[in-house]
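> As a plain string of letters, each chain reads:
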Amino acid sequence: MTTPLVHEPSTIALTVNGDKRTIAAGTSLSAYLASLKLDPRLVVVEHNRTILRDRDAYPSIVLGAGDNLEIVHFVGGG
Amino acid sequence: MTATPDLLTAFDTPFIIGEREFRSRLMVGTGKYASNAQMIAAIEATGAEVVTVSVRRVDLDRSKEEGILHHLDPQRFMLLANTAGCFTADDTIRYARLARAAGFNEWVKLEVIGDQQTLLPDTAATIEATRVLAAEGFKVMAYTNDDLISALRLEDAGAVCVMPLASPIGSGLGMLNEFAIRTIKHRLGVPVIVDAGVGTASDAAIVMEQGVDGVLMNTGIAAATDPVRMATAMRLAVDAGRLAYLAGRMPKREVAVPSSPTTGMLDR
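Protein chains in written order, with the working numbering: chain A, 592 to 669; chain B, 423 to 690.
Just so you know, the hints here were simulated from the structure itself, not pulled from any lab data.
Using N, Cα and C, we set each Cβ at its ideal position, and we do this for glycine too.
A hint or two may mislead.
[Unchecked claim] Sample of chain B residues with no beta-carbon within 10 Å of chain A, all distances over it, derived: (1) ASP434; (2) ILE439; (3) THR452; (4) TYR455; (5) GLU466; (6) GLU471; (7) SER476; (8) VAL480; (9) PHE509; (10) ALA523; (11) GLU528; (12) ALA547; (13) ASP648; (14) VAL650; (15) LEU658; (16) VAL679.
[Said to hold, decoys possible] Quick list of the computed label-pair ranges, beta carbon to beta carbon: (17) THR622(B) - LEU643(A): 39 to 45 Å; (18) ALA669(B) - SER621(A): 18 to 24 Å; (19) ALA616(A) - ASP483(B): 19 to 25 Å; (20) LEU627(A) - PHE601(B): 39 to 45 Å; (21) ASP483(B) - VAL653(A): 33 to 39 Å.
[What the hints assert, rightly or not] Chain A is faced by these chain B residues, among others (derived, beta-carbon under 7 Å): (22) ARG479; (23) GLY489; (24) ALA506; (25) LYS561.
Work out the full structure: start from the sequences and follow the hints.
So, in structure tokens, the structure goes:
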């Protein structure tokens, strides 16, 4: 029997809009938004309480275990 | 279709807030419509340029409606984000910053609610949030009570316009304190836009007859039995009220004065 290789965990848990979610480790923010079928131009993302104003940076932001994401958009209101 | 815009162009002064000129003195919300199609039709009928929207979490499971940007073209309408639902200055500032990050403009309709039952504003927190956001370059349109002192403090804090209520949000009670609204208008240098409480067209006309610069409404149109017809009525009423203000109403008298000649009557 070979000793199992020590792996990085293949999935991580994070909080998105108040819900616990599990995603693949190493997922970038742009890939995650794509998996939710969200157009980055139509949403605003707050990552660990920091508002991400530069959408061009999304591909290089890798989500981590325990991260807190808020993904918001505009809805009808008065 | 209507002569009113020409009449207003001929008689009125430009409507400018924070160095931007607006073509309509009527601003409208986008909430509470039965459908997006009805909302768009009603907004078209109002002729409004400024439409308010709210910042909310995306529904990750997409079981509910999509964001409003699928229906409202930001090139055609000026989207004015509100901070409705916020109860503290900190929350309000966070929502305003999120709205600005959406990338459309630096304008925000600031609301800090002080009481769940009446939705009356927390004016102290509104002043605090206005000061912070104005320093960050936001153009703050501050929703407030019909209170002169709060309005003066908001102007001092850097609000580009002050938005006193006619009556509580969604109440449809119309103008409760004409004197207070006129006093605010007389004393402020920045534009005054009455926000909330308009229930029907006559309310809108009465608001504009006080000499304020504009009016913002949502439920008065959206909750009408026929929102598109009411939207048209509101457009006409805002123009009528504005024109009546510019025209200068006759003095009120508690005695009758005949309109017809008193001479030339038979058998006298």
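> Next step is simple, just say for each hint if it's right about the structure.
Do the hints match the structure? See the list:
1. ASP434: 26 Å, holds
2. ILE439: 18 Å, holds
3. THR452: 4 Å, violated
4. TYR455: 7 Å, violated
5. GLU466: 15 Å, holds
6. GLU471: 16 Å, holds
7. SER476: 3 Å, violated
8. VAL480: The claim is violated: VAL480(B) sits with its nearest Cβ about 5 Å from chain A, within 10 Å.
9. PHE509: 16 Å, holds
10. ALA523: The claim is violated: ALA523(B) sits with its nearest Cβ about 5 Å from chain A, within 10 Å.
11. GLU528: 12 Å, holds
12. ALA547: It holds; ALA547(B) is separated from chain A by about 19 Å at its closest Cβ, greater than 10 Å.
13. ASP648: 19 Å, holds
14. VAL650: 16 Å, holds
15. LEU658: 21 Å, holds
16. VAL679: 43 Å, holds
17. THR622(B) - LEU643(A): 39 to 45 Å: 44 Å, holds
18. ALA669(B) - SER621(A): 18 to 24 Å: Violated, since ALA669(B) and SER621(A) (Cβ atoms, about 58 Å apart) do not stay within the stated range.
19. ALA616(A) - ASP483(B): 19 to 25 Å: 23 Å, holds
20. LEU627(A) - PHE601(B): 39 to 45 Å: 52 Å, violated
21. ASP483(B) - VAL653(A): 33 to 39 Å: With Cβ atoms ~24 Å apart, the hint is violated.
22. ARG479: Constraint on ARG479(B) satisfied, holds at 4 Å.
23. GLY489: 4 Å, holds
24. ALA506: Nearest chain A Cβ about 5 Å off; hint holds.
25. LYS561: 17 Å, violated
Hint violations for this structure: numbers 3, 4, 7, 8, 10, 18, 20, 21, 25, all remaining hints satisfied.
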